[in-house]
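For reference, the chains in residue letters:
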Amino acid sequence: MDNKFIVTSSPHLHKKESVRRIMWAVNISLLPTVVAGVLIFGARAAWVMALCILSTVAGEAILQKMTHRKVSVSDGSAFLTGLLLAFNLPPQVPFWIPIAGSFFAIAIGKQVFGGLGQNIFNPALTGRAFLVASWPKYVTTFTAPFTGDAVTCATPLTLLKEGKVLDNLSYMDLFLGKKGGCIGEVCILALLIGAAYLLYKKYITWHIPLTFIAANAVVIWIFGEKALFSGNWLLHILSGGLILGAFFMATDYVTSPLTRKGQVIFGAGCGLLTAVLRIWGGSAEGVSYAILMMNAAAPVIDRFTGNRVYGS
Amino acid sequence: MTDRKNNQAVTELIKGVIRENPIFVLALGLCPALAVSVSMTNGLGMGITATFVLLGSNIIISLIKKFIPAEIRIPCYIVVIATFVTIAEMTLKAYSPGLNRALGIYVPLIVVNCMVLGRAEAFASKNSVFSSILDGIGMGIGFTLALLLICGIREILGFGRFFNFLVIRGFEPILMIGLPAGALLVIGLLLGFFNLLKNHNK
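Residue numbers (the working numbering), protein chains in the order written: chain R, 1 to 312; chain X, 1001 to 1202.
It is worth saying that the hints were derived from the structure and are not from the lab.
Mixed in with the good hints, there may be bad ones.
Below, computed lysine to any residue pairings styled on SDA-like, alpha-carbon distance capped at 25 Å [unchecked claim]:
1. R:K65 - X:K1202
2. X:K1198 - R:I279
3. R:K137 - X:L1185
Facing chain X, a subset of chain R residues (Cβ under 10 Å, in silico) [said to hold, decoys possible]:
4. V112
5. F130
6. V132
7. A133
8. P136
9. F146
Using N, Cα and C, we set each Cβ at its ideal position, and we do this for glycine too.
Extracted from the complex, chain R is given alone in its bound form (with noise of 0.2 Å):
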């Protein structure tokens, strides 16, 4: 693909986009998630999205007011941070976690480090870790699909880790979302479809998202399961917050390298890492730590893949 930047000499021609033009077509593409969320979970996650949102903007509203800063809340990225926070929940927490998430996420996570641009780790993936550290059974307990209250349901990543089989589940479910899991997750027909209208608009690129999938796909294959080149990568790929996190949060401009070779070593650093946690860690999930573990070595893979200053 050729990067070079074209230099020629005015008058130019002025092109509309701006960071609230972009956040905001972020946040149209994730609309066909959110209707996916409440069909498949009901009106409660509706509730989540809305006090999670809600808390974002009014927390950055007032945190920029109380340092005397430009209010900013009209970008759309704090209201972007708190869908993608909500997306990270599960449907039946209780309404002050989203609250208290979301505001450690743009105070902690955003507004410490000087707002929109400045952040070194992804605001909501810090807003979920914060929650998952200090209230776990809230956080990971999650409720099955299309039933509307509270029947608790495991999520298949953690079947699969508990060794159990996942006879009742086909491709087609997951793929629809017929599965336990967090708000925004589940249905990864809806996520592509929001996915092709940003890819499409020119506004993420494929670097990141493809490296990331196929990167886990490959470990998960050839480490999966005890005997080697046997896992099922398909099962990985369509269930968890892969799909999310590869296309919306991976891509998340302030927190991913600048350059293309940087984004390929950042993808497959995000996809490498949330296999091991996946095969290896703790819990049945991944994706959100592997993402800020590679926010943090960004501006590394950045420094070491940069051009070379012309005549330097």
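With chain R's structure known, arrange chain X on it following the hints.
Positioned in the frame of chain R, the structure of chain X alone reads:
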């Protein structure tokens, strides 16, 4: 004349509490502050032990400062400090084995605590015995108070307890605050808060 001397002595004593607080201003002694600050009992135990070592080493080092060759002064300080740490550890083991178990490796590690070493290098080796005593007491109190502040926040938020008593009923403790990540977070936020206060007062 005596008034000025008294004033100087008081300044020497209280500077360690706020203006030169070892943890929040000098950022010394962060290792025990991060590691043992899970309960008020631990914090109080660590604070008193460190104060004892600091006071003892400050006195001895300011007494023998003329005999220590400059090239090997750090090993000499370490020997003095290690003596007091050994006394403190043996005393803890004899009279408070529970606390000794709770503090674990962090009691022997006071030997390399940068607050104790830092005061020896920066203060006791240059000042009189009397000033060094005041400095040791002040710094020790400042360290203990800072530690108790961190411990209080972490014990209440992370375990819902205070000095091991249940304080808030129906409160779901924020487990993360009790984990190492919580220690870094609490100390970082407190450092930021105190810097904010300092800049505000200017």
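Tested hints:
no., hint, verdict
1, R:K65 - X:K1202, "holds (22 Å)"
2, X:K1198 - R:I279, "violated (49 Å)"
3, R:K137 - X:L1185, "holds (22 Å)"
4, V112, "holds (8 Å)"
5, F130, "holds (6 Å)"
6, V132, "holds (9 Å)"
7, A133, "holds (4 Å)"
8, P136, "holds (7 Å)"
9, F146, "violated (29 Å)"
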